[in-house]
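Throw the hints in and build the complete structure from the sequences for me.
In order, the protein sequence lines correspond to chains A and B.
Residue numbering for the first sequence follows our numbering, beginning at 1 and increasing consecutively.
Residue numbering for the second sequence follows our numbering, beginning at 1 and increasing consecutively.
A portion of the hints provided could be inaccurate.
Within a straight-line C-alpha distance of at most 25 Å, the following computed PhoX-like cross-link-like pairs (lysine-lysine) qualify [as the list claims (entries may be wrong)]:
| no. | chain 1 | residue 1 | chain 2 | residue 2 |
| --- | --- | --- | --- | --- |
| 1 | B | Lys162 | B | Lys93 |
| 2 | B | Lys92 | A | Lys16 |
| 3 | B | Lys92 | A | Lys12 |
| 4 | A | Lys17 | B | Lys95 |
| 5 | A | Lys13 | A | Lys71 |
| 6 | B | Lys93 | A | Lys17 |
| 7 | A | Lys16 | B | Lys95 |
| 8 | B | Lys89 | A | Lys17 |
| 9 | B | Lys95 | A | Lys12 |
| 10 | A | Lys17 | A | Lys72 |
| 11 | B | Lys162 | B | Lys89 |
| 12 | A | Lys71 | A | Lys17 |
| 13 | A | Lys13 | B | Lys92 |
| 14 | B | Lys95 | A | Lys13 |
| 15 | A | Lys16 | B | Lys93 |
| 16 | A | Lys71 | A | Lys12 |
| 17 | B | Lys93 | A | Lys13 |
| 18 | B | Lys95 | B | Lys162 |
| 19 | A | Lys13 | B | Lys112 |
| 20 | A | Lys12 | B | Lys89 |
| 21 | B | Lys162 | B | Lys92 |
| 22 | A | Lys16 | A | Lys71 |
| 23 | A | Lys16 | B | Lys89 |
| 24 | A | Lys17 | B | Lys162 |
| 25 | A | Lys13 | A | Lys72 |
| 26 | A | Lys12 | B | Lys93 |
A partial selection of chain B residues facing chain A, derived with a Cβ cut-off under 10 Å [as the list claims (entries may be wrong)]:
| no. | residue |
| --- | --- |
| 27 | Pro11 |
| 28 | Thr41 |
| 29 | Ala54 |
| 30 | His55 |
| 31 | Val70 |
| 32 | Val77 |
| 33 | Lys89 |
| 34 | Ser127 |
| 35 | Leu187 |
| 36 | Tyr197 |
Label-pair ranges, simulated between beta-carbon atoms [said to hold, decoys possible]:
| no. | chain 1 | residue 1 | chain 2 | residue 2 | range |
| --- | --- | --- | --- | --- | --- |
| 37 | B | Asn165 | A | Lys12 | 34 to 40 Å |
| 38 | B | Ser118 | A | Glu10 | 44 to 50 Å |
| 39 | B | Asn61 | A | Leu93 | 29 to 35 Å |
| 40 | A | Val11 | B | Met45 | 42 to 48 Å |
None of these hints come from the bench; they were simulated from the model.
In this text, a Cβ means the ideal position worked out from N, Cα and C, and glycines have one as well.
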Amino acid sequence: MGHGEMTVEEVKKHVKKYYVVFGALLCLTIVTVGISYLHLPIFQAIVLAMIVASMKGGLVAAYFMHLIDEKKIIYSMLWLTLVLFAFCMLIPLFTLRGIQTYS
Amino acid sequence: MSALIPYIDEPHPVTGVTNAKLGIWLFLASEVMLFGALFSTLIIMRSSATDWPAHGSDVLNVPLATLNTVFLITSSVTIVLSWAALKMKDLKKFKLNMGFTVLLSFGFLVIKYIEYTSKFHHGHFPSTSTFYATYFTLTGLHGLHVIGGIVTNLYLLGPGSKMWNTEPERFTGRIECAGLYWHFVDLVWIFLFPALYLL
Numbered sequence: 001m002g003h004g005e006m007t008v009e010e011v012k013k014h015v016k017k018y019y020v021v022f023g024a025l026l027c028l029t030i031v032t033v034g035i036s037y038l039h040l041p042i043f044q045a046i047v048l049a050m051i052v053a054s055m056k057g058g059l060v061a062a063y064f065m066h067l068i069d070e071k072k073i074i075y076s077m078l079w080l081t082l083v084l085f086a087f088c089m090l091i092p093l094f095t096l097r098g099i100q101t102y103s
Numbered sequence: 001m002s003a004l005i006p007y008i009d010e011p012h013p014v015t016g017v018t019n020a021k022l023g024i025w026l027f028l029a030s031e032v033m034l035f036g037a038l039f040s041t042l043i044i045m046r047s048s049a050t051d052w053p054a055h056g057s058d059v060l061n062v063p064l065a066t067l068n069t070v071f072l073i074t075s076s077v078t079i080v081l082s083w084a085a086l087k088m089k090d091l092k093k094f095k096l097n098m099g100f101t102v103l104l105s106f107g108f109l110v111i112k113y114i115e116y117t118s119k120f121h122h123g124h125f126p127s128t129s130t131f132y133a134t135y136f137t138l139t140g141l142h143g144l145h146v147i148g149g150i151v152t153n154l155y156l157l158g159p160g161s162k163m164w165n166t167e168p169e170r171f172t173g174r175i176e177c178a179g180l181y182w183h184f185v186d187l188v189w190i191f192l193f194p195a196l197y198l199l
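If you want it as structure tokens, here you go:
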């Protein structure tokens with residue numbers, strides 16, 4: 001069911017979830033800042049920071065943007081976007097490999 | 001259903017969503033690619049620049065940026081609560097939550113202004129280094145998105161809310177679309193914050 005057709009009772013249940021997600025996001029923000037004070041090697045710091053950021057992003061997308069309960073056409077469109085985004089993120093890998101080869 | 005644009009307030013029989021919602025998701029998909037390209041550039045710059053700071057926190061104000069993160073996360077909650085209030089037919093609660101959203105958005109911009117003026121005061125401009133060029137481009141573009149969101153949300157809070165009296169379903173749909181955009185602005189900041197300030 002899309003959230004456009006929600007009943008009042010269902011909306012009230014969702015409101016409780018919003019507060020729980022809000023608490024989780026605040027906790028994860030503290031974790032993100034805490035990681036930076038550990039002064040880990042750059043690779044580990046990037047991986048950890050991006051894992052926490054992805055968890056936060058996932059919570060926002062799933063619950064606030066209601067992607068946990070969305071129509072198939074939205075999912076299809078977002079999968080295509082994700083594939084193109086992943087390709088975009090791969091470009092630096094190839095570029096950096098090129099920089100290392102020619103330097 | 002609107003007489004001018006079909007399926008603006010009721011789901012299209014083929015897609016199962018309103019045209020407005022499909023439209024905002026298509027727009028957000030294009031935004032993902034815009035910021036994706038910039039993040040991709042950030043990785044290349046970060047990896048190959050010779051004068052990049054060891055940690056963003058060495059040159060940027062982490063406590064202020066953390067406060068901004070809290071502002072944006074809270075505003076994401078208040079805007080989704082404003083949509084929920086409309087689903088429960090409570091316009092007063094909608095206005096309260098949307099008002100908080102706008103207030104928090106202004107708070108975000110004020111802190112960004114403090115950060116920017118501090119940087120300019122110390123002689124750090126986009127032309128200073130690759131790091132500052134990247135920092136100002138990414139946070140500046142994000143800031144423009146925040147301003148866009150404020151303008152939209154202020155309209156929906158003020159004159160735009162008159163639609164509630166005549167077309168409540170359509171108005172609720174508008175708030176849903178504005179909310180989706182605002183959550184995206186929050187999402188971008190969630191990734192920008194560690195990438196620029198903490199790594």
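Status of the hints after comparison with the structure:
| no. | hint | in the structure |
| --- | --- | --- |
| 1 | B:Lys162 to B:Lys93 | holds (15 Å) |
| 2 | B:Lys92 to A:Lys16 | holds (20 Å) |
| 3 | B:Lys92 to A:Lys12 | holds (17 Å) |
| 4 | A:Lys17 to B:Lys95 | holds (21 Å) |
| 5 | A:Lys13 to A:Lys71 | holds (20 Å) |
| 6 | B:Lys93 to A:Lys17 | holds (18 Å) |
| 7 | A:Lys16 to B:Lys95 | holds (20 Å) |
| 8 | B:Lys89 to A:Lys17 | holds (20 Å) |
| 9 | B:Lys95 to A:Lys12 | holds (18 Å) |
| 10 | A:Lys17 to A:Lys72 | holds (23 Å) |
| 11 | B:Lys162 to B:Lys89 | holds (14 Å) |
| 12 | A:Lys71 to A:Lys17 | holds (20 Å) |
| 13 | A:Lys13 to B:Lys92 | holds (20 Å) |
| 14 | B:Lys95 to A:Lys13 | holds (21 Å) |
| 15 | A:Lys16 to B:Lys93 | holds (16 Å) |
| 16 | A:Lys71 to A:Lys12 | holds (21 Å) |
| 17 | B:Lys93 to A:Lys13 | holds (17 Å) |
| 18 | B:Lys95 to B:Lys162 | holds (12 Å) |
| 19 | A:Lys13 to B:Lys112 | violated (35 Å) |
| 20 | A:Lys12 to B:Lys89 | holds (12 Å) |
| 21 | B:Lys162 to B:Lys92 | holds (13 Å) |
| 22 | A:Lys16 to A:Lys71 | holds (23 Å) |
| 23 | A:Lys16 to B:Lys89 | holds (18 Å) |
| 24 | A:Lys17 to B:Lys162 | violated (30 Å) |
| 25 | A:Lys13 to A:Lys72 | holds (23 Å) |
| 26 | A:Lys12 to B:Lys93 | holds (14 Å) |
| 27 | Pro11 | holds (7 Å) |
| 28 | Thr41 | holds (8 Å) |
| 29 | Ala54 | holds (8 Å) |
| 30 | His55 | holds (7 Å) |
| 31 | Val70 | holds (7 Å) |
| 32 | Val77 | holds (5 Å) |
| 33 | Lys89 | holds (8 Å) |
| 34 | Ser127 | violated (23 Å) |
| 35 | Leu187 | holds (5 Å) |
| 36 | Tyr197 | holds (8 Å) |
| 37 | B:Asn165 to A:Lys12: 34 to 40 Å | violated (24 Å) |
| 38 | B:Ser118 to A:Glu10: 44 to 50 Å | holds (47 Å) |
| 39 | B:Asn61 to A:Leu93: 29 to 35 Å | holds (32 Å) |
| 40 | A:Val11 to B:Met45: 42 to 48 Å | holds (44 Å) |
Hints 19, 24, 34, 37 from the list above are not met by this structure, while the remaining hints are.
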